[in-house]
Amino acid sequence: MQVTLRQLAPWIAGAALIALPFVHRDPYHLHIFVLILIWSFAYTSWSMMGRFGLVSLGHGGFMGVGAYVTALLWNHLGLSPWFGIPISLVCAGFLAVIVGYPCFRFRITGHYFVLVTLALSGIVLQVITASRDWTGGSLGFSPNRIKGNSIAVLQFEDKTTWYLIALGVWAVGLLIWRHVDRSMDRYALEAISEDEDAAAAAGVNVTWEKLKITVLSALMTAFAGALYTQYQMFITPDTVSGIAISLQMVFAVIVGGVYVALGPTVGAIITILLAEFLRIGFGTKAVGWDNLIYGVLLVLFIIFLPKGILGSAIEKFRARRPSG
Amino acid sequence: MQGFLDIFDVYLLEAVINGILFGGVLALLALGLNLIFGVIDVTWICYAELVMIGMYGMYYLVSVYHVPYWMAAPMCILLVAGFGALLHILVIQPLLSAPPINQLLATGGVLFFLQSLATVTFGIDFRNLGIQLPVLQFAEMNFSYARLLSFAAALVGMIAVYVFMKRTYTGIAIRAIAQDRQIMALMGVDTKRIYLITSALGGALAGLAACLLVLQYDVHPFVGLSFGPITFLICVLGGLGNFVGGFVASFVFAEIISLGGLFSDLEWGYVLAFGFFILMMFVRPGGLLARRQ
Numbered sequence: 001m002q003v004t005l006r007q008l009a010p011w012i013a014g015a016a017l018i019a020l021p022f023v024h025r026d027p028y029h030l031h032i033f034v035l036i037l038i039w040s041f042a043y044t045s046w047s048m049m050g051r052f053g054l055v056s057l058g059h060g061g062f063m064g065v066g067a068y069v070t071a072l073l074w075n076h077l078g079l080s081p082w083f084g085i086p087i088s089l090v091c092a093g094f095l096a097v098i099v100g101y102p103c104f105r106f107r108i109t110g111h112y113f114v115l116v117t118l119a120l121s122g123i124v125l126q127v128i129t130a131s132r133d134w135t136g137g138s139l140g141f142s143p144n145r146i147k148g149n150s151i152a153v154l155q156f157e158d159k160t161t162w163y164l165i166a167l168g169v170w171a172v173g174l175l176i177w178r179h180v181d182r183s184m185d186r187y188a189l190e191a192i193s194e195d196e197d198a199a200a201a202a203g204v205n206v207t208w209e210k211l212k213i214t215v216l217s218a219l220m221t222a223f224a225g226a227l228y229t230q231y232q233m234f235i236t237p238d239t240v241s242g243i244a245i246s247l248q249m250v251f252a253v254i255v256g257g258v259y260v261a262l263g264p265t266v267g268a269i270i271t272i273l274l275a276e277f278l279r280i281g282f283g284t285k286a287v288g289w290d291n292l293i294y295g296v297l298l299v300l301f302i303i304f305l306p307k308g309i310l311g312s313a314i315e316k317f318r319a320r321r322p323s324g
Numbered sequence: 001m002q003g004f005l006d007i008f009d010v011y012l013l014e015a016v017i018n019g020i021l022f023g024g025v026l027a028l029l030a031l032g033l034n035l036i037f038g039v040i041d042v043t044w045i046c047y048a049e050l051v052m053i054g055m056y057g058m059y060y061l062v063s064v065y066h067v068p069y070w071m072a073a074p075m076c077i078l079l080v081a082g083f084g085a086l087l088h089i090l091v092i093q094p095l096l097s098a099p100p101i102n103q104l105l106a107t108g109g110v111l112f113f114l115q116s117l118a119t120v121t122f123g124i125d126f127r128n129l130g131i132q133l134p135v136l137q138f139a140e141m142n143f144s145y146a147r148l149l150s151f152a153a154a155l156v157g158m159i160a161v162y163v164f165m166k167r168t169y170t171g172i173a174i175r176a177i178a179q180d181r182q183i184m185a186l187m188g189v190d191t192k193r194i195y196l197i198t199s200a201l202g203g204a205l206a207g208l209a210a211c212l213l214v215l216q217y218d219v220h221p222f223v224g225l226s227f228g229p230i231t232f233l234i235c236v237l238g239g240l241g242n243f244v245g246g247f248v249a250s251f252v253f254a255e256i257i258s259l260g261g262l263f264s265d266l267e268w269g270y271v272l273a274f275g276f277f278i279l280m281m282f283v284r285p286g287g288l289l290a291r292r293q
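Protein chains in written order, with my numbering: chain A, 1 to 324; chain B, 1 to 293.
Keep in mind that the hints were calculated from the coordinates and are not lab data. Wrong hints could be hidden among the right ones.
[As the list claims (entries may be wrong)] Here are the simulated SDA-like pairs of lysine to any residue, each with C-alpha atoms no more than 25 Å apart in a straight line:
(1) Lys212/A - Cys91/A
(2) Lys285/A - Ile124/B
(3) Lys316/A - Ala98/B
(4) Lys285/A - Phe126/B
(5) Lys307/A - Pro99/B
(6) Lys192/B - Gly110/A
(7) Lys307/A - Leu90/B
(8) Lys307/A - Asp41/B
(9) Lys212/A - Val283/B
(10) Lys192/B - Leu300/A
(11) Lys307/A - Leu95/B
(12) Lys192/B - Val161/B
(13) Lys307/A - Pro94/B
(14) Lys212/A - Arg178/A
(15) Lys192/B - Thr168/B
(16) Lys316/A - Asn102/B
(17) Lys159/A - Ala15/A
(18) Lys192/B - Ile303/A
(19) Lys147/A - Thr161/A
(20) Lys192/B - Val163/B
(21) Lys307/A - Ile101/B
(22) Lys307/A - Ile89/B
(23) Lys212/A - Gly93/A
(24) Lys285/A - Leu274/A
(25) Lys307/A - Glu190/A
(26) Lys212/A - Ile98/A
(27) Lys316/A - Ser97/B
(28) Lys307/A - Leu297/A
(29) Lys316/A - Leu186/B
(30) Lys159/A - Ala19/A
(31) Lys307/A - Pro100/B
(32) Lys212/A - Gly110/A
(33) Lys192/B - Phe126/B
(34) Lys212/A - Pro86/A
(35) Lys159/A - Tyr28/A
[As the list claims (entries may be wrong)] Covered, in the sense of this in silico footprint (three residues per stretch, anywhere, with C-beta under 8 Å from a C-beta of chain A), are these stretches of chain B:
(36) 91-97
(37) 108-122
(38) 234-243
(39) 267-275
(40) 278-284
Backbone N, C-alpha and C fix where the C-beta goes; we use that ideal spot for every residue, glycine too.
Start from the sequences, fold in the hints, and give me the full structure.
Spelled out as structure tokens, the structure:
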């Protein structure tokens with residue numbers, strides 16, 4: 001019975017999540033749920049790499065590419081997001097290969113890799129700001145709205161539709177996570193993160209394995225960016241790209257737990273609820289305070305709880321019941 | 001046609017010289033970051049934010065409390081040096097035995113913290129000292145004294161660090177630790193103290209850079225982002241921990257940015273520099289001056 005209940009649990013949770021918007025229709029709460037789901041997906045895509053010791057601060061860059069390419073193609077060429085999103089994914093994937101290949105081929109790891117990717121997100125931010133004639137620069141950018149709902153251009157006015165879309169995307173993100181978790185690539189990448197030379201000697205194609213997971217992670221992040229654009233219908237360089245967003249991903253994942261599937265989701269719930277709580281509680285006075293608290297918490301978590309809340313909780317649970 | 005070429009060359013020369021002047025300050029930042037990496041094996045992601053704190057310190061000392069610039073500068077250097085030491089004690093020391101990536105991410109948290117602290121305390125207004133230094137005109141070219149002064153001061157700062165590292169006992173101990181971290185503790189060097197001194201020294205260099213940058217740029221909470229990434233690129237291009245490499249790479253980058261800015265926007269200069277960086281990673285992945293293995 002124990003086993004069947006564990007097998008049933010995801011289905012029950014899934015059904016409950018699908019049923020939620022039809023029971024609870026409060027638009028503000030749904031808005032928060034959608035944000036949590038979209039960011040959970042983005043954080044999950046970061047942790048795909050992060051769990052193998054590939055710490056990237058370039059994901060703000062990938063997200064910015066996904067968001068801006070989709071929106072620019074729609075506004076300037078009238079290209080529907082159905083085509084815009086794939087194109088933006090190709091751009092993000094291309095960027096990931098351009099930066100990732102030399103890094104992995106020439107063994108740029110650890111500090112070096114972080115700094116290179118950090119510069120990447122800085123540069124994407126600069127490009128978006130510099131091409132202000134097209135992107136509106138730091139003032140932000142709104143995709144042109146059409147009236148009503150339309151599947152053809154992916155614009156919906158009601159929150160329920162968006163909630164279901166975001167829920168689906170989030171679930172697919174978790175499935176991808178699980179797929180990677182059960183694949184041979186996982187063992188190869190874990191071996192690489194322990195010792196690259198030994199892994200290479202054991203027949204692992206280090207460059208190829210790292211490049212695969214990096215491109216996958218970049219594509220997912222860019223997709224999250226595009227989704228965020230379509231939902232919010234307003235983006236600025238600072239909300240979808242840059243170093244701050246990259247660090248926000250790192251923060252959320254580390255708080256939630258980088259080695260467990262639902263860790264990034266827990267991180268997203270905590271960070272978004274914290275930000276909303278501050279915003280409602282303190283209004284405009286709270287500007288900057290959320291990041292202040294994030295910063296302190298990030299440092300404290302890395303020092304005292306590096307496995308994250310969910311990761312540590314699961315570990316404690318398992319330690320108490322070694323058989324389970 | 002001849003006249004056009006003459007004007008063009010003057011602009012080009014001006015951009016080249018301005019690039020060299022800009023490179024001086026970048027070299028100072030790269031030196032501080034390399035020093036800390038070389039000795040403690042930690043990368044301070046928040047290094048440019050320390051500069052930002054220093055720039056605010058200068059702004060308040062000079063514009064609000066009316067301290068003369070020449071007195072404010074040493075105070076500001078001491079302030080940021082103190083911040084560097086504090087950063088080491090509070091964040092790096094508890095993490096010294098953790099994986100290096102954790103230390104780097106923790107300083108990322110400090111970056112978040114300092115940026116928002118500045119936002120909360122000082123607001124997001126752009127502030128400047130209001131000191132207008134005259135412009136030097138020389139052979140149809142214009143150079144601001146601010147840049148010349150920065151270059152000279154950066155050079156003096158770097159020479160001072162060089163002398164310190166070569167001539168004093170502490171400096172020699174720092175260099176020795178950079179070469180072998182384990183053995184020096186056995187040789188009777190107090191590693192903890194050396195780490196602290198190095199962090200303060202790195203902070204002091206950030207403070208000096210802040211005093212110089214505040215003459216040319218407005219202060220705002222996100223000012224660190226405009227030269228932080230470029231400093232990291234420089235350090236990686238020169239080879240992390242390689243002082244000479246960082247020095248050379250600073251000038252290479254400053255020239256690219258300055259010349260790129262001549263033909264287009266300054267932001268595109270940065271993008272060009274990044275493209276060059278990616279290219280160089282294929283050619284010389286270990287850094288500009290890396291020894292062949």
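Comparing the hints with the structure gives:
no.	hint	in the structure
1	Lys212/A - Cys91/A	holds (16 Å)
2	Lys285/A - Ile124/B	holds (13 Å)
3	Lys316/A - Ala98/B	holds (21 Å)
4	Lys285/A - Phe126/B	holds (19 Å)
5	Lys307/A - Pro99/B	holds (13 Å)
6	Lys192/B - Gly110/A	holds (24 Å)
7	Lys307/A - Leu90/B	holds (20 Å)
8	Lys307/A - Asp41/B	holds (23 Å)
9	Lys212/A - Val283/B	holds (23 Å)
10	Lys192/B - Leu300/A	holds (22 Å)
11	Lys307/A - Leu95/B	holds (14 Å)
12	Lys192/B - Val161/B	holds (20 Å)
13	Lys307/A - Pro94/B	holds (16 Å)
14	Lys212/A - Arg178/A	holds (16 Å)
15	Lys192/B - Thr168/B	holds (18 Å)
16	Lys316/A - Asn102/B	holds (22 Å)
17	Lys159/A - Ala15/A	holds (18 Å)
18	Lys192/B - Ile303/A	holds (19 Å)
19	Lys147/A - Thr161/A	holds (16 Å)
20	Lys192/B - Val163/B	holds (22 Å)
21	Lys307/A - Ile101/B	holds (14 Å)
22	Lys307/A - Ile89/B	holds (23 Å)
23	Lys212/A - Gly93/A	holds (10 Å)
24	Lys285/A - Leu274/A	holds (15 Å)
25	Lys307/A - Glu190/A	holds (16 Å)
26	Lys212/A - Ile98/A	holds (13 Å)
27	Lys316/A - Ser97/B	holds (23 Å)
28	Lys307/A - Leu297/A	holds (14 Å)
29	Lys316/A - Leu186/B	violated (39 Å)
30	Lys159/A - Ala19/A	holds (14 Å)
31	Lys307/A - Pro100/B	holds (15 Å)
32	Lys212/A - Gly110/A	holds (18 Å)
33	Lys192/B - Phe126/B	violated (39 Å)
34	Lys212/A - Pro86/A	holds (18 Å)
35	Lys159/A - Tyr28/A	holds (9 Å)
36	91-97	holds (count 3)
37	108-122	holds (count 12)
38	234-243	holds (count 3)
39	267-275	holds (count 5)
40	278-284	holds (count 3)
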